Amino acid sequence: MVRLCRLGQEAGVLVAGLLLSAPFAHSQDDQDGFDVLDFIDPFIGTANGGHSFAGATLPFGMVKAVADTEGENQGGFAYDTTRVTGFSHTHDSGTGGATSMGSFPIFVHSSCPDLLRCNWTLSDRAVAWRRDSPKARPGYFGISLENGVDAEMTVTNHSAMYRFKFPAAADLSPVVLVDIIDLPRSRNSGTASVDPDTGRLTGSGNFNPSFGLGTYDAYFCADFKGGEIRDTGTWTGRSANVGETTVSIVADSAHPASSFSAGTFVRFDTLDDRALTVRVGFSFVSVNQACSNMEREQADFDFDGTVSAAEKAWSDKMDIINVDAEGVSADLQTVFWSGVYRTMISPQDYTGENPLWESEEPYYDSFYCIWDSFRGVHQLLTLIDPLSQSRMIRSLVDIYRHEGYLPDCRMSLCKGWTQGGSNADVLISEAYLKGVADVNWETAYEAVVKDAEVEPENWNVEGRGGLQSWKMLGYIPINDIDPGTEGLRTRSISRTVEYAYNDFCIAQMADRMGRTSDRDKYLERSHNWRNLYKEDQTSAINGIDTNFVGYLQPRHADGTWAYQDPIFCSPLLNFTSCYLNANGHETYEGSCWLYTFFVPQDMAGLIQTLGGPENFVSRLEYLHDSGILYLGDEQAFLTVFQFHYAGRPALSAARAHSYIPSQFNTTVGGIPGNDDSGAMGSFAVLSMIGLFPVHGQDVYLIIAPFFKEVSIRNSVTGSVATIRNINFDPSYENKYIQKATRNGKPWTKNWIGHDFFVDGGMLELELGPTESGWGTSIEDLPPSLSEYGKDPIVKQPPGQPFSS
Numbered sequence: 001m002v003r004l005c006r007l008g009q010e011a012g013v014l015v016a017g018l019l020l021s022a023p024f025a026h027s028q029d030d031q032d033g034f035d036v037l038d039f040i041d042p043f044i045g046t047a048n049g050g051h052s053f054a055g056a057t058l059p060f061g062m063v064k065a066v067a068d069t070e071g072e073n074q075g076g077f078a079y080d081t082t083r084v085t086g087f088s089h090t091h092d093s094g095t096g097g098a099t100s101m102g103s104f105p106i107f108v109h110s111s112c113p114d115l116l117r118c119n120w121t122l123s124d125r126a127v128a129w130r131r132d133s134p135k136a137r138p139g140y141f142g143i144s145l146e147n148g149v150d151a152e153m154t155v156t157n158h159s160a161m162y163r164f165k166f167p168a169a170a171d172l173s174p175v176v177l178v179d180i181i182d183l184p185r186s187r188n189s190g191t192a193s194v195d196p197d198t199g200r201l202t203g204s205g206n207f208n209p210s211f212g213l214g215t216y217d218a219y220f221c222a223d224f225k226g227g228e229i230r231d232t233g234t235w236t237g238r239s240a241n242v243g244e245t246t247v248s249i250v251a252d253s254a255h256p257a258s259s260f261s262a263g264t265f266v267r268f269d270t271l272d273d274r275a276l277t278v279r280v281g282f283s284f285v286s287v288n289q290a291c292s293n294m295e296r297e298q299a300d301f302d303f304d305g306t307v308s309a310a311e312k313a314w315s316d317k318m319d320i321i322n323v324d325a326e327g328v329s330a331d332l333q334t335v336f337w338s339g340v341y342r343t344m345i346s347p348q349d350y351t352g353e354n355p356l357w358e359s360e361e362p363y364y365d366s367f368y369c370i371w372d373s374f375r376g377v378h379q380l381l382t383l384i385d386p387l388s389q390s391r392m393i394r395s396l397v398d399i400y401r402h403e404g405y406l407p408d409c410r411m412s413l414c415k416g417w418t419q420g421g422s423n424a425d426v427l428i429s430e431a432y433l434k435g436v437a438d439v440n441w442e443t444a445y446e447a448v449v450k451d452a453e454v455e456p457e458n459w460n461v462e463g464r465g466g467l468q469s470w471k472m473l474g475y476i477p478i479n480d481i482d483p484g485t486e487g488l489r490t491r492s493i494s495r496t497v498e499y500a501y502n503d504f505c506i507a508q509m510a511d512r513m514g515r516t517s518d519r520d521k522y523l524e525r526s527h528n529w530r531n532l533y534k535e536d537q538t539s540a541i542n543g544i545d546t547n548f549v550g551y552l553q554p555r556h557a558d559g560t561w562a563y564q565d566p567i568f569c570s571p572l573l574n575f576t577s578c579y580l581n582a583n584g585h586e587t588y589e590g591s592c593w594l595y596t597f598f599v600p601q602d603m604a605g606l607i608q609t610l611g612g613p614e615n616f617v618s619r620l621e622y623l624h625d626s627g628i629l630y631l632g633d634e635q636a637f638l639t640v641f642q643f644h645y646a647g648r649p650a651l652s653a654a655r656a657h658s659y660i661p662s663q664f665n666t667t668v669g670g671i672p673g674n675d676d677s678g679a680m681g682s683f684a685v686l687s688m689i690g691l692f693p694v695h696g697q698d699v700y701l702i703i704a705p706f707f708k709e710v711s712i713r714n715s716v717t718g719s720v721a722t723i724r725n726i727n728f729d730p731s732y733e734n735k736y737i738q739k740a741t742r743n744g745k746p747w748t749k750n751w752i753g754h755d756f757f758v759d760g761g762m763l764e765l766e767l768g769p770t771e772s773g774w775g776t777s778i779e780d781l782p783p784s785l786s787e788y789g790k791d792p793i794v795k796q797p798p799g800q801p802f803s804s
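Counting from 1, one number per residue, gives the positions in the sequence shown under UniProt numbering.
Bear in mind the hints are in silico, worked out from the structure with no lab data behind them.
On a predicted model such as this, the values are computed, not experimentally measured, just so you know.
Ideal placement from N, C-alpha and C gives every residue a C-beta, glycine not left out.
There may be inaccurate statements among the hints.
Within a straight-line C-alpha distance of at most 30 Å, the following computed DSS-like cross-link-like pairs (lysine-lysine) qualify [stated by the list, open to error]:
hint	residue 1	residue 2
1	K745	K708
2	K450	K312
3	K739	K708
4	K749	K739
5	K521	K534
6	K708	K434
7	K749	K708
8	K450	K471
9	K521	K450
10	K434	K450
11	K225	K165
12	K312	K434
13	K521	K434
14	K312	K135
15	K135	K434
16	K165	K312
17	K312	K708
18	K534	K471
19	K521	K471
20	K135	K225
21	K135	K165
22	K165	K434
23	K739	K434
Restraint ranges, calculated between C-beta atoms of paired labels, are given here [what the hints assert, rightly or not]:
hint	residue 1	residue 2	range
24	G718	D625	40 to 48 Å
25	R296	N440	25 to 33 Å
26	N147	G71	17 to 25 Å
27	S662	P355	24 to 32 Å
28	S662	K471	43 to 51 Å
29	A582	T748	43 to 51 Å
30	A299	G71	32 to 40 Å
31	T245	N147	26 to 34 Å
32	S123	S662	33 to 41 Å
33	D520	P256	55 to 63 Å
34	N583	D558	17 to 25 Å
35	T270	L213	43 to 51 Å
36	S577	E524	29 to 37 Å
37	N440	D195	39 to 47 Å
Please construct the entire structure, taking both the sequences and the accompanying hints into account.
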């Protein structure tokens, strides 16, 4: 076994338009009328750049319907906007970078007796939405427009259903149009057709992914119910053409996708009860499959029944978790359940919709991006939906089979940009350690080893670059030459520490599989973070020394040091200078200050390197208090809990409460950064459960849950793991663990393994208002490669000993 030592040894509340009927929710088992969906607010994170998807979706659903707004619309709808441009059927959630998907939006004119006076293009037709109108609930989205149209939408996995209600008007003549365009306006070509007899709209298009390489094809099919057709036609630019049935368009200098589009339309004479229902099928394979998806999943145009089915799908997912929330505010409960919900929006299940290869394996898309989601999303899914997590891991392995490498990011059937290491390695290693079922582990191991050993031609989109330097020098040098391959020669520090951790994760798999030579090789490489640690490097803020010494720094291939200000890429200095395509930065979306803490495999060695536990705690507190840390990037998550490794778990608890609810709350801007496919939601949920996972390892760091009791039922084994607080105080004065028992026996470790969730049982935590000695002894600290004071690689003299 890989030797992971113990740091020295072996109510009536209005939430974004939804009125919650009860101010408090107790255990689902003992409160009449409790509906967990009342405590899910899809509008959290839809303002201030959160980019959360607020629309209708099933868990991991392919089709996601919402009103698309102008402005920063990565999730389609954003609360800090004013006008709606259409209603589209596919979206991602919480992503940074460019807007994605949103192809073939439909738009409704409430009254269009004269087609010459109707607006067709994206900018012309945009209409204001009523500020008090948006409503969202799992599986449902509704909004009212200033043109008098009330729009509602719901979904199945491959189709959307829209219900439009129109104002009373003698000359109604409503028009429904479809546009061959997408949200990022990336269309390369497209065709749309209309059947003049039935009004069926169909079409296809070729589009670019928002954060990757290549193009993808998409297809749609739409039918109507509730209206008598007056006429049909096509439109191009600002001109409508009654009677024409097909229109095609390509992006060129005369027809740029950014400002020009076209489509088809249906105009109606009369409507039943001034309402119209539209069903839209979507596919990545063909128009015929889009129509088949729609006809199979929405055969009866049953809007209310589809909403009910979607709600049941979400309720069933949530039923895995049970909380006793007596005394806990509705706001905190909403933060919790909304976080669980957002974690299940992506990745998206495209099984049966992958035209790139034939396979019996599941296919998931919108791994957008694993660099973000490997630090929380998949850990939470392993707990609450291990079957879906298994299917996702199988999908990653199948991508390797057919494309030659595991992805670090993937969207819209395309390879996404790699932001750091090959972090699918972390997901696969952790899934193996935690016993995720039904994965071909031999192929999975082959895939992670290829990441570590074989440099791809273009490591911008897969694998790792600089492997020659990695193997020969033990680090990625600044301005690495790396001849013969293509990739951004930046991020040498952040890539080095991520590669080191990726190799550690591979070593864990090798160890369990009995591959001892691989284990030893990758364990050796996992220490490479030390090769960029400059022990005499200082740091200042506004010219004032921070009084901490020793940081990661860039290094040339000849071994000489380069320099990056340790606070550069933090909110204190050039924060926006360290995105993927920016030059002149050796860390990615974070500072040397932050990345110096990224040694999850060997926190004992890091603590000793930084001068011992007392100095480490002081430095970590400074990171959180000084403004250097931005919790909106996922690398910050683990730093909230790294006090555990220095024997101060109470400080981790205090930090978690300092961020929840100050930065995670029920406002429309209630997350600190892009939600990144649910990453922010997963951080809040795992923190509030009180067992925060160390990604890539079988380790959960223990703090007191934010509820009196939390239970998680294992959907595979049926066992139930319960964390119960004694002396629980919903004002959170009593938030520090005084002592603990597991199944009635004393539990002194400040961490626990995944067997707790597999086998079930009771973890009982006695709380108090002050820090105690629980979890502070050397033998009770989380696993680490080094033994304190005994690691032969450590060059620095030992610091302060751990308290016992």
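Hint by hint, where does the structure go against what was stated? Just the numbers, ascending.
Violated: hints 2, 15, 22, 27.
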